[in-house]
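For the sequence shown, my numbering begins at 1 and goes up steadily by one.
All clues stand as given, with none of them false.
Simulated pairs of lysine-lysine, DSSO-like, Cα-Cα distance not exceeding 30 Å:
no., residue 1, residue 2
1, K19, K129
2, K129, K92
3, K129, K17
4, K92, K17
5, K34, K129
6, K88, K17
7, K88, K129
8, K17, K34
9, K19, K88
10, K34, K19
11, K19, K92
Read the hints as simulated data drawn from the structure, not as lab findings.
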Amino acid sequence: VEKARRDALTRIMSHPKDKTIVGGLYRDRRGTGKVCCASAFMSAARNVELNALFSPSAKDANDGLMEDGWVGFGFVRIHRSVFEDLQKNIEKFPEITPGASGRVGYFQTGNGVGEDVNFCRRAQAIGHKTYIDTGLLMGHVGRKTF
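Make a model of the complete structure from these sequences and hints.
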């Protein structure tokens, strides 16, 4: 099956519910060639390995879930339990405490990183793991696709 023809929504929803954060794999929209996940940002060799999955000749043997420190939120499934657990532990995360609007800032940026990285780090601090689905190869679409 060609990777580009997969039904991405059906696939991401099919993962077991104990995999509470699962994201597709894609490259940085700035065109830097970085794959949007923690391991690719921490290791140049890992970034090369993950970039190779985007090649039309890549084998489906690399197709599956891999635990990672964080995943980009371009295409992500977050189980409801993550939000519930964050709410229960809100005192640990003063930066997301509801303001005058009453909304919890689950997707608050800060510390020089985006909402995706911060969200995953908070979730990990309360016991959730983050996974990338290496069979869901996504692209940022705009003036060009990355």
